[in-house]
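As they're listed, the protein sequences go chains A, B and C. At position 109 of the first sequence (counting the first as 1) the number is 109 in this note's numbering, and the numbers step up by one without a gap. Count along the second sequence from 1, add 122, and you get the number used in this note's numbering. Count along the third sequence from 1, add 244, and you get the number used in this note's numbering.
No wet-lab data here; the hints were simulated from the structure. Hints should not be assumed to be uniformly reliable.
[As the list claims (entries may be wrong)] A few chain C residues facing chain B, derived, Cβ under 10 Å: (1) Y246; (2) V261; (3) Q262; (4) Q263; (5) H272; (6) H308; (7) T309; (8) I320; (9) L324; (10) S328; (11) R337; (12) M339; (13) G341; (14) W343.
The structure presented is a predicted model; accordingly, all values stated were derived computationally and were not measured. From the three backbone atoms N, C-alpha and C, an ideal C-beta is built for every residue, glycine too.
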Amino acid sequence: MYELTAEVERLVAESGVQQGLVNIFNRHTSSSLVLMENADPTACRDLEAYFDRLVPEDLTYFQHTCEGPDDMPSHIRMVLTRSSETVPVRDGRMMLGTWQGLFLFEHRRARHNREIVVTVHG
Amino acid sequence: MYELTAEVERLVAESGVQQGLVNIFNRHTSSSLVLMENADPTACRDLEAYFDRLVPEDLTYFQHTCEGPDDMPSHIRMVLTRSSETVPVRDGRMMLGTWQGLFLFEHRRARHNREIVVTVHG
Amino acid sequence: MYELTAEVERLVAESGVQQGLVNIFNRHTSSSLVLMENADPTACRDLEAYFDRLVPEDLTYFQHTCEGPDDMPSHIRMVLTRSSETVPVRDGRMMLGTWQGLFLFEHRRARHNREIVVTVHG
């Protein structure tokens with residue numbers, strides 16, 4: 001889990017939009033974009049541990065394994081979560097709750113570059 | 123599961139927007155906002171029973187348990203569902219299907235106040 | 245899984261919107277709308293196989309079974325995935341990643357007509 005809240009907040013401020021919505025979109029099928037508790041780091045670690053068990057790598061019926069054992073689980077974990085979030089903007093800021101942070105949830109083991117598209121509209 | 127359809131429909135009508143989208147956003151990480159079958163109450167009860175089993179409270183590897191056994195499961199159930207919905211508006215009304223209702227899916231046992239932000243744009 | 249990418253791309257082009265967002269909304273509670281890997285057909289088949297096991301049809305505690313054993317699982321699979329996607333539009337096209345395709349994920353066995361609402365805004 002990689003937190004993106006501060007970066008997106010900066011883009012919202014730069015846009016000059018005071019009231020509207022911001023859409024944050026992940027252009028990949030093996031990672032997710034989610035809102036999550038951002039105060040206690042163990043919450044994200046427990047989430048990762050849970051997903052490791054919910055969608056294990058060694059399911060024998062998987063056929064889509066060309067890129068290794070974490071290939072198919074990464075797509076399933078993405079479908080079980082989200083590819084984008086849409087967050088209200090008020091007074092030039094995201095109207096997140098006290099404990100809400102925006103995270104990229106990476107599902108692959110190897111290093112990947114990820115492209116996130118942020119669209120602010122008033 | 124608490125249905126919010128009528129309240130959001132009222133806000134959409136008051137906005138005067140005839141054609142566009144409405145975004146309904148939940149500012150919390152231990153409850154969700156989902157569309158669900160709203161005709162037969164047993165559908166929501168079965169959904170709750172399923173989630174109780176899918177993300178049980180007694181998983182021994184959880185570390186984020188400061189607020190009790192329903193703390194970490196509430197965050198996971200939120201990530202497995204959604205924090206917001208975006209629904210098309212036509213003729214001043216949400217264009218929901220016949221069986222679709224909008225629900226707050228509460229994941230904590232204790233009573234909580236929940237803030238939902240509704241943004242209508244034409 | 246039924247791919248809708250080309251049809252939605254055509255509607256975006258027809259709208260004339262160059263920069264903005266497109267919301268694709270599924271008006272049903274027993275099917276989903278998801279982004280998924282669209283290059284290798286086995287990825288979608290593995291996803292379907294996984295969901296068949298994650299939400300099986302023979303759970304004895306289900307009460308909402310009026311429409312048959314695939315009734316309640318279809319609602320749960322919908323809640324575990326998504327009812328809509330919002331995708332950025334740039335230069336008159338959806339800004340999907342290389343491997344991203346838009347799919348209707350049908351959860352019922354019998355044939356159903358499905359209504360999808362596409363809203364493009366600049």
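Status of each hint after checking the structure:
no.: 1; hint: Y246; result: 17 Å, violated
no.: 2; hint: V261; result: 13 Å, violated
no.: 3; hint: Q262; result: 18 Å, violated
no.: 4; hint: Q263; result: 16 Å, violated
no.: 5; hint: H272; result: 5 Å, holds
no.: 6; hint: H308; result: 4 Å, holds
no.: 7; hint: T309; result: 9 Å, holds
no.: 8; hint: I320; result: 5 Å, holds
no.: 9; hint: L324; result: 6 Å, holds
no.: 10; hint: S328; result: 6 Å, holds
no.: 11; hint: R337; result: 20 Å, violated
no.: 12; hint: M339; result: 17 Å, violated
no.: 13; hint: G341; result: 20 Å, violated
no.: 14; hint: W343; result: 22 Å, violated
The structure is inconsistent with the numbered hints 1, 2, 3, 4, 11, 12, 13 and 14, although it conforms to all the rest.
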